[in-house]
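Asker: Given chain A, put chain B in place with the hints provided.
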Amino acid sequence: MPEILDAELAPKLAVELGLKLEEYDKIVEILGRRPSVTELYMYSLMWSEHCSYKHSRKALRMFPTEGEHVLQGPGENAGVISVGDGWAIAFKMESHNHPSAIEPYQGAATGVGGIIRDIFTMGARPIASLNSLRFGTLDKARQRYLFEGAVAGIGGYGNCLGVPTVGGEVYFDEAYEGNCLINAMAIGLMREEDLTLATASGVGNLMLLIGSTTGRDGIGGASTLASQEFDEKAEDKRPSVQVGDPFEEKLLIEACLELLGEKLLVALGDLGAAGLTSSASEMASRGGVGLDIDVTKVPQREENMQAFEIMVSESQERMLAVLEPENLEAAQAICAKWGLRSTVIGTVTDTGHFVVREGDTVVADIPAATLADDAPIYDPEMERPAYLDEVQSFDVRGVKLPGDDELGETLLKLLASPNICSRRWIWEQYDHQVMLNTVVLPGSDAAVLRIKDTDSAIAVSTDCNGRYCYLEPYLGAQIAFVEAARNVACAGARPVAITDCLNFGNPEKPEVFWTFHQAVSGLSDACRAFKVPVISGNVSLYNESFGQPIYPTPTVGLVGLIRNVERHTTADFKDEGDAIIMLGETHRDLGGSELLALIDGTVGGMPPSVDLWREQQVCEAAICCIEMGIVKSAHDCSEGGLAVTLAESCIAGNIGANIVIENRLRPAVSLFSETQGRIVVTTAVEDAMTVAMMADRLRIPYAILGQVGGTSLVIEDMLDVPVSELRESHEATLERLVHGG
Amino acid sequence: MARFDIYVTYKKGIFDPPGATAERALQNLGYEEVSSVKIGKFIQLEVVDGTSMDRVAEMCGKLLANPVIEDYRIEPVEEA
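Top to bottom, those sequences are chains A and B. So that you can map any letter, position 152 of the first sequence is 152 in our numbering, and since no number is skipped, the others follow by simple counting. Converting from the second sequence to our numbering requires adding 1000 to each position, the first position being numbered 1.
Because the hints were derived from the structure by calculation, they are not lab data. Careful, some of the hints might be misleading.
Here are the simulated lysine-lysine pairs, DSSO-like style, with alpha carbons at most 30 Å apart [stated by the list, open to error]:
#1 B:Lys1011 <-> B:Lys1041
#2 A:Lys297 <-> B:Lys1041
#3 B:Lys1038 <-> B:Lys1011
#4 A:Lys250 <-> B:Lys1038
#5 B:Lys1012 <-> A:Lys12
#6 B:Lys1011 <-> A:Lys250
#7 B:Lys1041 <-> A:Lys140
#8 B:Lys1062 <-> A:Lys140
Next comes chain A alone, as it looks inside the complex:
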């Protein structure tokens, strides 16, 4: 039995480590005695929100997780879908918000590294990464520092690793000033038969730790960073910053894929939050086995490390493999070939206990499954936040809309606004073409990646407009989904599955948890309507600073499948004379819009409504026309409305358009309303009727808007702006803001 803590000290330490007293009592009950210091650390991390989802788990059960394409749903390191011809795609999104708020470069870099490990752990070769970022407004120096640092970190790590960063999104809003969001998504490709799970089995099998040495980095990271709000104390938490080493990660990818390819491993898991404790106990729990680990075997980078420090260290670039003893020599030879350390640190046992030794001394002896599975599950109280009535009742009609002579100028201002302007400054820092699978580069609606040796491709998009979610979380979450669906549809892809990263404030506040529950419920309903399951994801709570939660931000990462990669479509207008057709129709939807933020500085009103059936039909119409090979460009309407959509397609194609809008709405509403369910496609004139017939057949409204051509975007009776001016407004902003302009 390990040396147990003093009766007085134990509960105090428990509370200091973030556990509640009831949780401490439960630990005592499980063990039948007081815990040792190592045991208490292990429980405190595994039972933190970050590792146990104790506040969110029940709500997450609402998500549909099964479907014809699903090979592996939530619960493993990443979800996996089948994409045909024996190929499978693994993907997942994860937050690294709190580490990035302290050290943006390393925080973002290690966020990318962590999610990439989750992918190759499954046996898939990482082929792309995306991100979803939120910062405060860039007029503040600290926000510029965070933004520049995070972008540099994502680029620095991804570029060194040789995995392309192919897409993403970023919003700037005061709501994220004290708590930026860094959500990283990674995608991997594998043969279906290579799917590997992190399930330990086989009594007598060895546990092999591969990769970097273990230091004190990120000690307590998961519990103290990801599960507590930020305040002044954050300064003291600085030394736990983890530093990433992308070159080591590259070696890990190659070595692990070779080990799996040679069938030398029984299981493989990465060391992420809560380090060795989490990785090992989850593997044991899934396999229903026990483990026996000796911490003195773990290669250490620092002197005098305590057993508990080794067990919870979050040093990066480490993997834990389970293998049969007869394969050890071959496995270590492969690791050595790649210049990687590999060390046997323990064995799989039949005791069901997770035993940690320091040489001959037992420092922890825990029923293994209780770490991963017995964390308390809470039913947090919910209460509809009081602010909702106030913001929703904001009378958008009372706002003076731009007059007919101000429409061109308003469009230019919208194109230059931080949330709409070109993201070129960001993605120019990323290597987005390495590996040569990237068919559509950043800047279009979705990234498109070829599946080598097949005719297919996948399209991927990450989306979430936090402003909508703040105004109405159920609707906002659905808009995140339908926008992602439209984005991949614009590339010609049918949505197949999503991953999500649910960023919210403190769940112990009933008003915050209500928004979480609403968002999960909205997202679930959207997924069910589209028959698109959630196959992986991550919850990041306690995103607050000084008591103010961020906007509810349920980021959706959606993967769609293109059957014929030759037919994929991009957003840029192509040829003079092409017909421009809008699928869907425009209503007066100015609540939560960019226009409202621009002219009134307000975030108010109700966000646009979502008709899930209509959304599917609009996507389907676009996809069917693209598959027929008649669509030359496709771009969806989102922030800034139709005018921004048209302008972006003009800018990308470097060609103008002549548009006539016929409806009964005021011009400013027609141009800038953010009604959902709209996609603008172009076709050769002779194919326009086919698009119209497709829309009729799918029972969706459409409008023939005009033709591509000229050097200006001309919308009859509304505006006439040269494409060069549109481009100047669209592309100059981000660089100017970053440089403090």
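Answerer: Just chain B now, with coordinates in the frame of chain A:
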């Protein structure tokens, strides 16, 4: 002109990937006596005479070093 030499290194406990790589590479080359390599950066700063140490420290804190993960040491240099 006054000169300051500034040494920037990772804080104790922060992982130093270049150092760790060099350490292992040296050991692989047969220098088994190597037990640790730390790699940092060296900055030579020239400023007008009379610039205070505090002022230079401020520059380190704001730009030359990343105080979240790095330490810096400032040495005033007497020009020969």
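Asker: Please list, smallest to largest, the hint numbers that this structure does not respect.
Answerer: 2
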